[in-house]
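Listed below, chain by chain, are the residues.
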Amino acid sequence: MSYTVEEIANGLGLPFEGAGDIKISGVAEPAEADVDHIALAMKPDFLADLGNSKARVAMVAAGTDWQSFGLQAVLLASRPRFALSGLSAALDQGAEYPKGISQLADIHPEAEIDGDVSIGPFSVVARGARIGSGSVLGPQVYVGCGTVIGPDALIHAGVRIAHNVTIGARFVAQIGAAIGGDGFSFVTPEPSGVEVARQTLGKVGSDHEQVWARIHSLGGVTIGDDVEIGANSSIDRGTVRDTRIGSGTKLDSLVQVGHNVVTGANCLLCAQAGVAGSTILGRNVVIGGQAGVSDNVTIGDNVILTGATKALSKVPAGRVMMGYPAVAMETHMEIYKSSRRLPRLFREVASLQKAISKLAGTE
Amino acid sequence: MSYTVEEIANGLGLPFEGAGDIKISGVAEPAEADVDHIALAMKPDFLADLGNSKARVAMVAAGTDWQSFGLQAVLLASRPRFALSGLSAALDQGAEYPKGISQLADIHPEAEIDGDVSIGPFSVVARGARIGSGSVLGPQVYVGCGTVIGPDALIHAGVRIAHNVTIGARFVAQIGAAIGGDGFSFVTPEPSGVEVARQTLGKVGSDHEQVWARIHSLGGVTIGDDVEIGANSSIDRGTVRDTRIGSGTKLDSLVQVGHNVVTGANCLLCAQAGVAGSTILGRNVVIGGQAGVSDNVTIGDNVILTGATKALSKVPAGRVMMGYPAVAMETHMEIYKSSRRLPRLFREVASLQKAISKLAGTE
Amino acid sequence: MSYTVEEIANGLGLPFEGAGDIKISGVAEPAEADVDHIALAMKPDFLADLGNSKARVAMVAAGTDWQSFGLQAVLLASRPRFALSGLSAALDQGAEYPKGISQLADIHPEAEIDGDVSIGPFSVVARGARIGSGSVLGPQVYVGCGTVIGPDALIHAGVRIAHNVTIGARFVAQIGAAIGGDGFSFVTPEPSGVEVARQTLGKVGSDHEQVWARIHSLGGVTIGDDVEIGANSSIDRGTVRDTRIGSGTKLDSLVQVGHNVVTGANCLLCAQAGVAGSTILGRNVVIGGQAGVSDNVTIGDNVILTGATKALSKVPAGRVMMGYPAVAMETHMEIYKSSRRLPRLFREVASLQKAISKLAGTE
Numbered sequence: 005m006s007y008t009v010e011e012i013a014n015g016l017g018l019p020f021e022g023a024g025d026i027k028i029s030g031v032a033e034p035a036e037a038d039v040d041h042i043a044l045a046m047k048p049d050f051l052a053d054l055g056n057s058k059a060r061v062a063m064v065a066a067g068t069d070w071q072s073f074g075l076q077a078v079l080l081a082s083r084p085r086f087a088l089s090g091l092s093a094a095l096d097q098g099a100e101y102p103k104g105i106s107q108l109a110d111i112h113p114e115a116e117i118d119g120d121v122s123i124g125p126f127s128v129v130a131r132g133a134r135i136g137s138g139s140v141l142g143p144q145v146y147v148g149c150g151t152v153i154g155p156d157a158l159i160h161a162g163v164r165i166a167h168n169v170t171i172g173a174r175f176v177a178q179i180g181a182a183i184g185g186d187g188f189s190f191v192t193p194e195p196s197g198v199e200v201a202r203q204t205l206g207k208v209g210s211d212h213e214q215v216w217a218r219i220h221s222l223g224g225v226t227i228g229d230d231v232e233i234g235a236n237s238s239i240d241r242g243t244v245r246d247t248r249i250g251s252g253t254k255l256d257s258l259v260q261v262g263h264n265v266v267t268g269a270n271c272l273l274c275a276q277a278g279v280a281g282s283t284i285l286g287r288n289v290v291i292g293g294q295a296g297v298s299d300n301v302t303i304g305d306n307v308i309l310t311g312a313t314k315a316l317s318k319v320p321a322g323r324v325m326m327g328y329p330a331v332a333m334e335t336h337m338e339i340y341k342s343s344r345r346l347p348r349l350f351r352e353v354a355s356l357q358k359a360i361s362k363l364a365g366t367e
Numbered sequence: 005m006s007y008t009v010e011e012i013a014n015g016l017g018l019p020f021e022g023a024g025d026i027k028i029s030g031v032a033e034p035a036e037a038d039v040d041h042i043a044l045a046m047k048p049d050f051l052a053d054l055g056n057s058k059a060r061v062a063m064v065a066a067g068t069d070w071q072s073f074g075l076q077a078v079l080l081a082s083r084p085r086f087a088l089s090g091l092s093a094a095l096d097q098g099a100e101y102p103k104g105i106s107q108l109a110d111i112h113p114e115a116e117i118d119g120d121v122s123i124g125p126f127s128v129v130a131r132g133a134r135i136g137s138g139s140v141l142g143p144q145v146y147v148g149c150g151t152v153i154g155p156d157a158l159i160h161a162g163v164r165i166a167h168n169v170t171i172g173a174r175f176v177a178q179i180g181a182a183i184g185g186d187g188f189s190f191v192t193p194e195p196s197g198v199e200v201a202r203q204t205l206g207k208v209g210s211d212h213e214q215v216w217a218r219i220h221s222l223g224g225v226t227i228g229d230d231v232e233i234g235a236n237s238s239i240d241r242g243t244v245r246d247t248r249i250g251s252g253t254k255l256d257s258l259v260q261v262g263h264n265v266v267t268g269a270n271c272l273l274c275a276q277a278g279v280a281g282s283t284i285l286g287r288n289v290v291i292g293g294q295a296g297v298s299d300n301v302t303i304g305d306n307v308i309l310t311g312a313t314k315a316l317s318k319v320p321a322g323r324v325m326m327g328y329p330a331v332a333m334e335t336h337m338e339i340y341k342s343s344r345r346l347p348r349l350f351r352e353v354a355s356l357q358k359a360i361s362k363l364a365g366t367e
Numbered sequence: 005m006s007y008t009v010e011e012i013a014n015g016l017g018l019p020f021e022g023a024g025d026i027k028i029s030g031v032a033e034p035a036e037a038d039v040d041h042i043a044l045a046m047k048p049d050f051l052a053d054l055g056n057s058k059a060r061v062a063m064v065a066a067g068t069d070w071q072s073f074g075l076q077a078v079l080l081a082s083r084p085r086f087a088l089s090g091l092s093a094a095l096d097q098g099a100e101y102p103k104g105i106s107q108l109a110d111i112h113p114e115a116e117i118d119g120d121v122s123i124g125p126f127s128v129v130a131r132g133a134r135i136g137s138g139s140v141l142g143p144q145v146y147v148g149c150g151t152v153i154g155p156d157a158l159i160h161a162g163v164r165i166a167h168n169v170t171i172g173a174r175f176v177a178q179i180g181a182a183i184g185g186d187g188f189s190f191v192t193p194e195p196s197g198v199e200v201a202r203q204t205l206g207k208v209g210s211d212h213e214q215v216w217a218r219i220h221s222l223g224g225v226t227i228g229d230d231v232e233i234g235a236n237s238s239i240d241r242g243t244v245r246d247t248r249i250g251s252g253t254k255l256d257s258l259v260q261v262g263h264n265v266v267t268g269a270n271c272l273l274c275a276q277a278g279v280a281g282s283t284i285l286g287r288n289v290v291i292g293g294q295a296g297v298s299d300n301v302t303i304g305d306n307v308i309l310t311g312a313t314k315a316l317s318k319v320p321a322g323r324v325m326m327g328y329p330a331v332a333m334e335t336h337m338e339i340y341k342s343s344r345r346l347p348r349l350f351r352e353v354a355s356l357q358k359a360i361s362k363l364a365g366t367e
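Chains as they are written, first to last, in the numbering used here: chain A, 5 to 367; chain B, 5 to 367; chain C, 5 to 367.
Simulated from the structure, these hints should not be mistaken for laboratory data. These numbers were taken from a predicted model, which means no experiment stands behind them. Among the hints, erroneous ones may be present.
A pair counts as met if it fits within one copy or between any two copies, since identical chains are not told apart.
[To be verified] Taking lysine-lysine and the DSSO-like style, the derived pairs with C-alpha atoms no more than 27 Å apart in a straight line are:
id	residue 1	residue 2
1	103	47
2	358	27
3	341	318
4	47	318
5	27	362
6	362	58
7	58	27
8	58	47
9	47	27
10	47	358
11	27	318
12	358	58
13	103	341
Please construct the entire structure, taking both the sequences and the accompanying hints into account.
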């Protein structure tokens with residue numbers, strides 16, 4: 005794949021200056037760039053390397069004196085990371101899965117495969133499944149009975165999508181993602197230790213044997229448009245109705261979404277985040293890496309849980325939360341600073357006690 | 005699958021009232037229920053929706069005035085979640101993997117497959133493995149050399165069970181589960197930084213280069229009856245003897261169980277929980293989501309670690325623990341409340357200091 | 005596999021005493037050992053069991069009076085765990101994947117397979133991939149386009165290695181590992197809520213809708229020699245340059261390494277640890293189970309993050325860190341002790357206030 009500077013500029017809607025006819029085949033940091041690369045120097049730190057770079061073309065912030073670095077052309081980016089989105093999409097060669105349906109795939113005769121679909125070797129598409137047009141399934145993928153996948157999906161090697169899952173357009177699943185495992189829903193004939201501890205706020209644990217009976221997951225998973233699921237992540241199916249992932253929501257690697265969860269549109273769940281059963285996330289919620297949300301709580305629109313935060317109860321819309329248990333970020337920082345000063349406080353109180361004894365004694 | 009109300013009531017051992025001959029094919033929340041569904045209205049919140057529901061039949065708490073909602077029959081549940089267990093089992097159609105052994109599976113001639121077993125396409129059963137009668141293996145499953153699986157297992161798509169794993173009856177493994185990876189056991193020729201830090205309580209980290217040599221995992225994994233392992237979870241094999249999972253224990257998605265761990269019967273390990281190497285869990289232990297237990301510690305019977313709790317040392321039987329490091333739930337709540345009031349405490353101590361200075365000055 | 009005591013002693017470079025010609029086929033704890041096992045009794049706790057053990061041979065600490073336990077021979081270990089490394093390697097029969105390239109594997113004609121390579125059934129090696137001599141790929145493995153794997157790799161069942169990944173010698177990947185998923189890198193046209201919160205330290209969350217555009221991962225993953233990746237772990241590919249794992253580094257199960265991360269040599273990342281995007285780890289860093297490091301920070305050489313520690317900012321070389329947020333282990337223990345004494349401190353301050361009121365009133 006190669007494009008001229010002018011083609012790239014037009015494709016991205018960015019202005020360019022200099023020789024628009026230079027052919028470009030990749031991007032790189034200035035120090036590692038080759039002659040047919042665009043050197044990425046949107047951050048001032050990288051400008052210094054441009055002088056020694058082999059690159060003839062760079063992407064720089066508007067207003068940069070690019071000629072002084074010996075460049076022959078530049079793309080001018082006002083919001084550099086956003087510009088990188090378009091540029092990287094143009095130059096990504098991707099996994100290059102072979103075109104067409106592999107003869108080594110096992111497609112059920114009652115599955116429905118739309119036009120222009122590719123399916124890799126050792127993939128299985130079960131009875132009643134439908135794969136939308138333009139979709140690419142890598143090798144070793146499983147699509148269960150009755151599962152419907154919209155157009156233009158990209159499903160990487162080894163992804164498992166169980167039965168009765170419904171997915172919108174432009175779905176992306178990274179290697180090893182697992183969608184539609186049964187929910188973790190077990191019940192005991194008599195109230196269990198967990199139920200007792202919740203009612204008594206921890207005062208009494210159970211002291212008798214529990215045998216767990218499964219509540220089966222009769223629901224599936226419904227996923228909107230433009231959703232992406234990360235490597236080895238897991239989304240569980242619902243108990244009675246479907247677990248739901250809103251359009252535009254993105255999950256990173258090793259994320260867990262429990263049964264019955266509903267996420268709004270355009271949420272980001274970073275690596276190893278977890279959302280427990282029946283919890284509801286609003287629109288545009290960001291859950292940081294290794295952060296978690298308890299079961300059966302509601303997280304409002306635009307909430308941000310910073311990395312490793314554990315939200316154990318409801319969070320109103322628009323809050324930035326931190327800590328375990330999660331509190332407003334400002335509160336957390338105040339508590340944290342106080343904690344650091346605690347040993348000193350103990351010494352101060354001890355010396356106050358002495359001073360008072362002395363005062364009391366002198367009266 | 006469809007049953008009459010009377011058949012369901014008898015199957016579940018629950019009383020019913022009204023028209024026992026109505027045919028039922030599913031369950032739903034009242035607002036989403038169809039005419040052949042049982043509407044689930046065991047919680048008072050859902051009763052209000054019954055009036056507008058298409059459902060003719062509901063499951064309700066005993067004593068509910070069901071005729072007033074226009075229903076034709078009801079199942080009466082005294083412990084609703086437990087009743088849902090039986091009801092959902094009766095109506096679950098499951099993954100519907102094709103019956104029989106796929107011609108696209110690779111079964112070693114020296115593997116032993118009992119009667120009435122199904123194995124999906126692209127699954128591999130290695131030399132010396134045994135699959136118990138009535139078991140269902142989905143597609144793309146791996147069962148390693150010498151591994152023995154008891155009767156009536158349900159092993160979903162893409163599960164890997166390595167060599168020399170021994171599993172009891174009625175085993176369930178969700179998509180992508182990984183059983184029998186090597187334990188994470190490495191050693192350096194000289195004491196490593198971790199060993200030094202443990203001995204000195206963190207005062208000295210290592211300042212010389214470490215090269216790690218593997219301690220091989222000669223043990224396997226032994227799993228009891230009625231165990232379930234969640235999607236993309238991992239159980240490591242033992243070093244010298246087997247890692248052991250007690251009967252009736254259930255693991256959620258993305259759970260990690262380290263080498264040599266022993267869990268008692270009927271434990272629950274919620275999503276993303278982790279138990280480090282050589283730790284022992286008693287019977288009926290509940291480990292909340294994202295909670296963890298350090299290596300080489302003992303957790304007593306009936307202990308509950310709430311979500312995100314990190315147990316760094318021994319926990320006696322029957323405790324409900326919270327926090328990082330884990331303390332009794334009551335203690336945690338007291339510490340937490342104190343933390344929230346810390347900034348005020350600092351101000352109070354400062355004003356005490358002033359008051360005393362003043363008092364001391366006036367004498 | 006069986007060896008004489010003398011062969012094992014010579015192989016491990018350890019002294020032995022007694023009958024060097026006894027044949028050994030395995031190791032076990034004394035209570036479980038059979039007649040052809042070496043009983044492991046390096047820890048004093050295990051010596052007591054030797055009397056009732058079937059084993060004729062034991063590994064014991066130098067100086068042990070082994071004849072008194074009825075043994076016929078002993079291996080003498082000065083550093084027992086290190087000795088166990090060699091002993092376990094000698095006796096490990098491993099997964100016993102069949103030799104040679106399975107006729108059920110799908111090897112692209114333009115892939116390059118060196119001599120003495122084994123590849124299991126339903127594995128896929130894509131166009132332009134190269135597999136080094138002596139490597140063993142289990143069943144259901146995927147190796148993407150242009151990916152290069154060095155000699156003597158051991159890649160277990162169901163591992164996915166995406167395109168353009170470069171791996172050194174003696175690589176080990178446990179079941180279900182996922183290498184080369186796309187980085188979690190998304191950007192909004194206008195500054196997002198996360199960007200605003202970072203700038204304002206959490207005072208303002210976003211209140212307008214975000215649509216996330218992907219920044220494609222044009223980089224791959226580069227992995228050094230002697231690296232091991234645990235079961236169901238994930239390493240993401242880089243944005244512009246490769247994510248890099250240093251030689252000798254070992255990852256446990258369910259670990260996440262984000263895009264652009266660079267780890268030094270000989271790091272250990274324990275189970276469920278996570279390293280967020282663009283972070284740099286020095287040499288010989290140890291990250292405990294469920295511990296995490298934020299994005300874009302630097303962790304110095306020889307740093308140890310104990311289990312569940314969350315490093316949110318730069319850590320200088322040689323530190324042992326604990327807590328969330330991470331602080332020096334000593335500081336953490338001091339803060340923790342203070343926290344436990346907080347409720348008492350509140351009572352003490354209250355009584356000081358009373359005493360001062362009284363003193364002030366008496367003047």
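Taking the earlier hints as the rules, which of them does this structure contradict?
1, 2, 5, 6, 10, 11, 12, 13
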